[in-house]
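4 protein chains.
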Amino acid sequence: MTRIGIIGGTGYTGSELARILCMHPDVEIAAMTSRQNAGVRVADVHPFLSGYVDLQFTERISDTKDLDLVFVATPHGVAMNEVPALLNQGIKVIDLSGDYRMHDVGVYEKWYGHTHTDTENLQKAVYGLPEFFRDEILGADLVANPGCYATSIILACAPLLKSGLVEDEVIVDAKSGTSGAGMVPSARTHHSTCGESIIPYSVGTHRHTPEVEMAVDRFAGSHMKVTFVPQLIPIVRGILSSCYFNLKEEVNQEDIDEIYRNQYGGERFVHYVKEPSIRAVVGSNHAQVASRLMGDKVVAFGVVDNLVKGAAGQAVQCMNLMLNLKETAGLDVPGLGV
Amino acid sequence: MTRIGIIGGTGYTGSELARILCMHPDVEIAAMTSRQNAGVRVADVHPFLSGYVDLQFTERISDTKDLDLVFVATPHGVAMNEVPALLNQGIKVIDLSGDYRMHDVGVYEKWYGHTHTDTENLQKAVYGLPEFFRDEILGADLVANPGCYATSIILACAPLLKSGLVEDEVIVDAKSGTSGAGMVPSARTHHSTCGESIIPYSVGTHRHTPEVEMAVDRFAGSHMKVTFVPQLIPIVRGILSSCYFNLKEEVNQEDIDEIYRNQYGGERFVHYVKEPSIRAVVGSNHAQVASRLMGDKVVAFGVVDNLVKGAAGQAVQCMNLMLNLKETAGLDVPGLGV
Amino acid sequence: MTRIGIIGGTGYTGSELARILCMHPDVEIAAMTSRQNAGVRVADVHPFLSGYVDLQFTERISDTKDLDLVFVATPHGVAMNEVPALLNQGIKVIDLSGDYRMHDVGVYEKWYGHTHTDTENLQKAVYGLPEFFRDEILGADLVANPGCYATSIILACAPLLKSGLVEDEVIVDAKSGTSGAGMVPSARTHHSTCGESIIPYSVGTHRHTPEVEMAVDRFAGSHMKVTFVPQLIPIVRGILSSCYFNLKEEVNQEDIDEIYRNQYGGERFVHYVKEPSIRAVVGSNHAQVASRLMGDKVVAFGVVDNLVKGAAGQAVQCMNLMLNLKETAGLDVPGLGV
Amino acid sequence: MTRIGIIGGTGYTGSELARILCMHPDVEIAAMTSRQNAGVRVADVHPFLSGYVDLQFTERISDTKDLDLVFVATPHGVAMNEVPALLNQGIKVIDLSGDYRMHDVGVYEKWYGHTHTDTENLQKAVYGLPEFFRDEILGADLVANPGCYATSIILACAPLLKSGLVEDEVIVDAKSGTSGAGMVPSARTHHSTCGESIIPYSVGTHRHTPEVEMAVDRFAGSHMKVTFVPQLIPIVRGILSSCYFNLKEEVNQEDIDEIYRNQYGGERFVHYVKEPSIRAVVGSNHAQVASRLMGDKVVAFGVVDNLVKGAAGQAVQCMNLMLNLKETAGLDVPGLGV
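Residue numbers (our numbering), protein chains in the order written: chain A, 1 to 338; chain B, 1 to 338; chain C, 1 to 338; chain D, 1 to 338.
FYI, nobody ran anything at the bench for these hints, they're computed from the structure. Remember, it's a predicted structure, so these values are computed and weren't measured experimentally. Please note: incorrect hints may appear among the correct ones.
As the list makes no split between identical chains, a pair holds if one copy fits it or if it spans any two.
[Claimed, not checked] The calculated lysine to aspartate or glutamate pairs, modelled on EDC-like cross-linking and capped at a C-alpha distance of 20 Å, are:
1) LYS225 - ASP141
2) LYS225 - GLU267
3) LYS92 - ASP118
4) LYS274 - ASP54
5) LYS274 - ASP44
6) LYS248 - GLU59
7) LYS248 - ASP217
8) LYS326 - GLU120
9) LYS248 - GLU169
10) LYS297 - ASP68
11) LYS225 - GLU249
12) LYS92 - ASP135
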């Protein structure tokens, strides 16, 4: 059995990793760390894992020997302190925070407001979106797992960007369920505030902005202007990103459909559909993408479960590639549907 | 007391009109019609009106004498059969359906799929958005009350359109609570379908599209391209419309703020705010508008309670103008806030 | 104009008091205190009150002169420090916390875990449920406003208790929206925790238990065993309490209906209905009560908006009585219905 | 591979069966019937099953040969017409409707309002609750799968009933998510009606009442009075049943805990916990049970995902037993947790 560690096992991403990995046929969770819960049984903190994860939280990942791969599921700014030592010991790493997503240190430091202390590994990190960077991930020691917003946006936009049919700007109106904000209570995620509302937030200042910009540029092959407006909606799991493009030339719906089908026809987890549905993907690593011609514009929709394809599921998909396991292992279940 | 009639008292718009009018100091509800509930007490169908509306539903509005003004709160295609007779009797009319919103018969017939049988009055109908057409409403006999989406969009966009600062297209990503879909159960508004989701619908085909286009053109003074994508969100009351513009020239946030403050500074019901909130307007005729510079674009947000400022409340505001009552009478209450 | 003060204007109860009082024809809000927001405009903290409350928060209520009545809307343990001075100045007081609800100091100290420092006034406080204690409230200087759970439970149970038809125990299975928990974020009211769940909490330890017990005993005229289980449901406003009794003798549904109709037939705000509905009362001071025979048991349902009839609205109803105003002044609006 | 058929594949229970069975290692779905969708691909009706179920709906189950076991997931009154022929062909059957749950024909006909046409097999049907009737299910040809409410209630109550510690009556205050009402839109499950409410319904008339009574009597070994009040809550999946008992004698919490631990200590899917959580079981076949002493009463809570342990998951658990497969096959995944 391949031995896996999780740094940051208290939060939603950490427990979601455990939920997925405990169903995985080829790996075992050997360690989960938690500063606040060190010494406590994982199943006491996360009762839904009772019978599936028989471990105590440890203080440090170095307390556990012979790990093959470690997931880092901590707030930004923490992973960069953990990653160098892990890589030096020959342990592969998947970071689910924002620490290794942007190769440009200056951009990182501007948006996150602190110094990056591991610029060396930053250059080596592979962006963990398997549908587009499968080959790089296969050989990677360090993967930066995409953010939930970025995943939904890139899946929706990349085929159009690569097609060369669209102009150099995109408007992204994104809507996220509250679990995307993590487990720490706040005024915005207080039920009485958000439970019967939809709340635009961090307009122009959201930290996923540079990640989206970087990815979008990469697919377009040139600089794109990105306008990103995130909004909180009163659901627990799920993201819908609505992405608006101007077409450079006249195309019809069939042309658009073909571009997406060519891109995703062979993918297990990304589905090009007519009407995207959050319930169809909730609880699973599946994503749905739709794209609709509207005059001289196209609106592309991307839908994921923010905790699975938008975080832990995608990370496990990357893990499978890095460890030469079947890419879908532990992940091949449908969404809840209802 | 001014005597008011409501045609179509069973649905959400009809009962919301009754809820507002029963608090109005200067008018009395003299008649409410309902085909399916004729002969039944209004408070038996709408128990929340018990103690406030002491009437039975009647079959036809003509069963009631001496009405001064009638609201028509029926599905589209019905009002046009009722309005001519009412106007002929000297009764003022406010139609809350789509029947009299577009002066161009061809556009109506294309989007609604049936012939318009009252083209004469169609030309005379005044668009009932008091903040922009107050003078026309004052003297009108027939007012076409704006749709809920259109109200939220126009309030957000009109100041920018009038300013001449924006290019000739707007992308409107709109999100509505389920009460906007009316009281008839459907697959989309079934709780298990929509209760934990956000659902784009009628993309490119929604019937509020031509209304928005007509209004937007009017404020811009030239033809605007409108891209309108409505989405259903799991709240009961409330709309948030996010509207994206390209700027023609460089401006700063202060310039934008001033444009909006000049427009709405004297309005009782429209508030230019930093962070729009649905809960702040729910249950009230208030609207919130915000507008944020994002590089060479602006995103303008419009928030209303779809049943009040987006329907019945705005209709009562128009009624007050048409009857020379205080414009805020019966409406001057804050939103629920929480 | 009668001059009103509110101690504790930041929280949900304080802002709800302001929302109601600003629609009141006979009083003016002369002061609102807030420790954390002293010096800030009320409408900046509560934007939905913009245009309705033109005040700054003050630090202490004693900063304002010539108050006629003060509402205390603070957490328990605070009111007892404020009330003596207010009463000494001849200012009437309505306390919305738990400090003055129980005449038995020992019971208070056991459940709240601290000493009661104003036992003198505790004995004089009148329990502010107008439908049952109208006469006492009329002459009161100090009113202890009932809790939201207690209001819903007493309205449902009192007629049966008074009838002598039921045995000496009641099971109360109560469900509350999240605004009942106040504005301070917590793990339980975090949307991702409670937004798609129903959560029993404080089973056997909830602080409203002794208040319910006291009230129930009073109506029964003897000691009742109360089993109270509160549960959090994912709505913002509203409580449904389901109360189960054993009948002492055989009765039929008509007998039960008559008991309730006799009790509430003349009340403006309490409605005996067949099928209780939270939406029918939301946003209003109305309550709905239903009572159904089930074999040798009766289930009685009580429904209120926890912030209105369950808190601020009921307090204003008491204020009207204490100040010899019309009991319904400022409160006579229907619920939202939809 | 064992070949499985599903009669009634359009509804929520049918699609949930397919969702679970497509993850099952030992069986294949050979047929799904649907009257309204015959000839249509299953994945076109249920897009979340795309890539997992590669079948067309057929009109009749007899169109498919060599089935080993058939699930009947139709409204009540339909199964009794299908079951005799299936059993005659040697096909095992699990009925998820109410048709075979009650052995007393008179009780069935009273509550369901029509004649039972297969009274012979009715007597042979085994009640499919594995935690209590495992041995009978092992040898059964026909299993009546418990209802969702009944499952949550029995799991909570049976240990107490069997203990002999409780008196002969139980009050069940049950709360269900909307998916329990099925996929057909209705006024009650319309989002604007139920989305911000909790709605008691079918008080005293719900068809699960006799099923609960029958089961409760069986465990008690004598006649119990059951008071059952179902309530609709605004979540999609999940049931919480709160069950109140009088104790015959004085016990302490430890005694109660021991009773439950003895009952469920060896069960994979039923967990005795301190604080039950719907999110902990959603999407899974797990149930949580809690039981709390409150004076001379006990409140027992039962929590399930109504579509899994309350329907399709439990049916698959029975199937595993009937086919001599591992009882947990296809089902051994944790709940979503968040």
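Where does the structure disagree with the numbered hints, that is, which hint numbers, in rising order?
-> Numbers 1, 2, 6, 8, 10 - these are the hints that the structure violates, sorted from lowest upward.
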